[in-house]
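J.: Please model the complete structure; the sequences and the hints are all you need to start from.
Residue numbers (our numbering), protein chains in the order written: chain C, 1 to 135; chain P, 136 to 237.
Note that these hints are calculated values from the structure, not bench results.
Misleading hints may appear alongside valid ones.
[As the list claims (entries may be wrong)] Pairwise CB distance ranges (calculated):
1. 126(C) / 232(P): 42 to 52 Å
2. 221(P) / 63(C): 15 to 25 Å
3. 189(P) / 4(C): 48 to 58 Å
4. 157(P) / 58(C): 30 to 40 Å
5. 83(C) / 189(P): 23 to 33 Å
6. 184(P) / 53(C): 23 to 33 Å
7. 189(P) / 35(C): 47 to 57 Å
8. 148(P) / 59(C): 18 to 28 Å
9. 5(C) / 231(P): 55 to 65 Å
[Unchecked claim] Here are the computed lysine-lysine pairs in the DSS-like style, where the Cα-Cα straight-line distance is at most 30 Å:
10. 216(P) / 62(C)
11. 232(P) / 161(P)
12. 111(C) / 78(C)
13. 216(P) / 52(C)
14. 210(P) / 69(C)
15. 210(P) / 62(C)
16. 62(C) / 177(P)
17. 78(C) / 190(P)
18. 83(C) / 177(P)
19. 52(C) / 78(C)
20. 177(P) / 190(P)
21. 69(C) / 111(C)
22. 177(P) / 52(C)
23. 216(P) / 177(P)
24. 111(C) / 83(C)
25. 52(C) / 111(C)
26. 111(C) / 62(C)
27. 190(P) / 210(P)
28. 52(C) / 210(P)
29. 177(P) / 232(P)
30. 78(C) / 62(C)
31. 111(C) / 210(P)
32. 62(C) / 83(C)
33. 210(P) / 177(P)
34. 210(P) / 161(P)
35. 111(C) / 5(C)
36. 232(P) / 216(P)
37. 216(P) / 190(P)
38. 210(P) / 83(C)
39. 83(C) / 69(C)
40. 177(P) / 69(C)
Just so we're clear, the structure is a prediction, and the values are computed from it rather than from any experiment.
In this text, a Cβ means the ideal position worked out from N, Cα and C, and glycines have one as well.
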Amino acid sequence: MSDIKKFMYVNRKAPYGTIYAWESLEVVLIGAAFEQDVSVAFVDDGVYQLIKGQDTTELGIKNFSATYKALGDYDVNKLYIEKESLDARGLTLDDLMPLTYEDENDNWAEKNSIRVVSSQELAELFEHSDVLFNF
Amino acid sequence: MSILHTVNKSPFDRNSLDACIRLAVKGGSVLLIEDGVYGAMKGTNKSDMVTHAMKDLSFYVLGPDLKARGIDEEKLIDGIKVVDYSGFVTLTVENDKAQAWL
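T.: Structure (C-alpha cells):
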C-alpha cells in the first residue's frame, strides 16, 4: 500500500431524495483514511449537496450537510464544482456552504476547498485520475 | 373532476415534471415534493416551463422538503404556494384523485 493513487469521486445526485449523496460521503471519508489523493467533483444535481442552510428537522432524517465541512480535516480539500451545473440551476457560489481547510505547508493558513471549474477542465481532471467512483 | 399531481424527482435528473406538465389538464394542481422541489426554483433551465404551465395549473411545494434542501422561499418562482404536511392533506381531500409522477 505504498502507492498513492488519485481518487476522483463524482457526485451527480441531490441529497435526501436518494441515498447516493450520503453513501458517497462515507466512501470519500474511507478513501481519505487510507491516505490516498482524494478529489471530489459535484456535477449535475450533485451541486445541490453543498447548498447552505439545510435543515431536515421536519423530515426527521439526519442532516449530513455539516459533514462536508469536516472534509478539510481529513485532507480532502479538492472539491470541484462544475460551473455549467450551477448555471443551469440558477445557483452561484453564494448559495453554497463555505468549505475550507488549513494548509499544513503554509503555516496552517485557512484556504478555500471549493474550486469552480468548467466542463472541459473537469473532463481533464477525470483523465488525470487513477480511479473514478460515480454516485 | 380535478387531479392532484405529485412530482418527487428533480427535473434535472428525470423527465417526471415534463411529463406531468405535458399531460395534466387545465384546473389541476401540481405539488412538488422531495427532490421535486428543485422544480419550484426561479432562474433555472426549467423555470420557464413551470411559469408557462402555471397559466393552467396551480403549483404548490412542500415546505419541509424545501427546508431540508436549504432552499429559501425567496428563491421560488412567484405564485408557487408553500404548503406544510397538513396542506398536503388538504390538497388530497380537495381533489378527486391523485396522480404520482415518479
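J.: If a hint holds in the structure, say so; if it doesn't, say that too.
T.: Consistency of the hints with the structure:
As the Cβ distance of residue 126(C) to residue 232(P) is approximately 46 Å, the hint placing it in 42 to 52 Å holds. Judged by the Cβ atoms, the range 15 to 25 Å given for residue 221(P) and residue 63(C) holds: they are separated by roughly 23 Å. The beta-carbon spacing between residue 189(P) and residue 4(C), approximately 53 Å, falls within the hinted interval of 48 to 58 Å. As the Cβ distance of residue 157(P) to residue 58(C) is approximately 31 Å, the hint placing it in 30 to 40 Å holds.
Distance hint check: the CB atoms of residue 83(C) and residue 189(P) are about 29 Å apart, consistent with the given range 23 to 33 Å. Range check, residue 184(P) to residue 53(C): about 26 Å between beta-carbon atoms, so the 23 to 33 Å window is met. For residue 189(P) paired with residue 35(C), a C-beta distance near 52 Å keeps the hint of 47 to 57 Å intact. For residue 148(P) paired with residue 59(C), a C-beta distance near 19 Å keeps the hint of 18 to 28 Å intact.
The hint said 55 to 65 Å for the Cβ distance between residue 5(C) and residue 231(P), and at roughly 58 Å that hint holds. For the given pair, residue 216(P) sits about 26 Å from residue 62(C) by alpha-carbon distance, which is consistent with the 30 Å threshold. Restraint check for residue 232(P) and residue 161(P): the C-alpha separation of about 15 Å stays at or below 30 Å, so the hint holds. With a C-alpha separation of about 11 Å, the suggested pair residue 111(C) and residue 78(C) falls inside the 30 Å cut-off, and the hint holds.
This hinted pair checks out: residue 216(P) and residue 52(C) have alpha carbons roughly 22 Å apart, not beyond 30 Å. Proximity of residue 210(P) to residue 69(C) is assessed by CA-CA distance (about 24 Å); at most 30 Å being required, the pair is judged to hold. Restraint check for residue 210(P) and residue 62(C): satisfied, since their Cα atoms lie roughly 24 Å apart, inside the 30 Å limit. The straight-line distance between the Cα atoms of residue 62(C) and residue 177(P) is roughly 27 Å, inside the 30 Å bound, and the hint therefore holds.
Simply put, residue 78(C) and residue 190(P) have alpha-carbon atoms about 44 Å apart, too far for the 30 Å limit, and the pair is violated. Of the supplied pair hints, the one linking residue 83(C) and residue 177(P) holds, its CA atoms being roughly 18 Å apart against a limit of 30 Å. A C-alpha spacing of about 18 Å is found between residue 52(C) and residue 78(C), which places the hinted pair at or below 30 Å, so the restraint holds. Distance check on the hinted pair: residue 177(P) and residue 190(P) sit about 16 Å apart at the alpha-carbon level, within 30 Å; holds.
With a CA separation close to 13 Å, the supplied pair residue 69(C) and residue 111(C) stays within the 30 Å bound. Of the supplied pair hints, the one linking residue 177(P) and residue 52(C) holds, its CA atoms being roughly 17 Å apart against a limit of 30 Å. A C-alpha spacing of about 13 Å is found between residue 216(P) and residue 177(P), which places the hinted pair at or below 30 Å, so the restraint holds. For the given pair, residue 111(C) sits about 20 Å from residue 83(C) by alpha-carbon distance, which is consistent with the 30 Å threshold.
With a C-alpha separation of about 18 Å, the suggested pair residue 52(C) and residue 111(C) falls inside the 30 Å cut-off, and the hint holds. Straight-line distance between C-alpha atoms of residue 111(C) and residue 62(C) comes to about 28 Å, which keeps the hinted pair within the 30 Å bound. At roughly 20 Å between alpha-carbon atoms, residue 190(P) and residue 210(P) fall within 30 Å of each other, so this suggested pair holds. A hinted pair counts as satisfied when its Cα atoms are at most 30 Å apart, and residue 52(C) with residue 210(P) qualifies at roughly 13 Å.
Proposed proximity of residue 177(P) and residue 232(P) is supported: the alpha carbons are some 28 Å apart, at most 30 Å. A threshold of 30 Å between alpha carbons decides the hint, and for residue 78(C) with residue 62(C) the separation of about 25 Å falls inside it, so the pair holds. Distance restraint check for residue 111(C) and residue 210(P): the Cα-Cα separation of roughly 29 Å lies within the 30 Å cut-off, and the hinted pair is therefore satisfied. At most 30 Å may separate the alpha-carbon atoms for a hinted pair to count; residue 62(C) and residue 83(C) meet this at roughly 28 Å.
As the CA atoms of residue 210(P) and residue 177(P) are separated by approximately 6 Å, the hinted pair is consistent with the 30 Å bound. Of the supplied pair hints, the one linking residue 210(P) and residue 161(P) holds, its CA atoms being roughly 26 Å apart against a limit of 30 Å. A C-alpha spacing of about 23 Å is found between residue 111(C) and residue 5(C), which places the hinted pair at or below 30 Å, so the restraint holds. With a CA separation close to 20 Å, the supplied pair residue 232(P) and residue 216(P) stays within the 30 Å bound.
Restraint check for residue 216(P) and residue 190(P): satisfied, since their Cα atoms lie roughly 14 Å apart, inside the 30 Å limit. Between residue 210(P) and residue 83(C), the direct Cα distance comes to roughly 19 Å. Compliance with the 30 Å bound is thereby established for this hinted pair. For the proposed pair residue 83(C) and residue 69(C), the alpha carbon gap of about 21 Å is at most 30 Å, so the pair holds. The straight-line distance between the Cα atoms of residue 177(P) and residue 69(C) is roughly 27 Å, inside the 30 Å bound, and the hint therefore holds.
Hint 17 alone, counting from the list given before, is not met by this structure.
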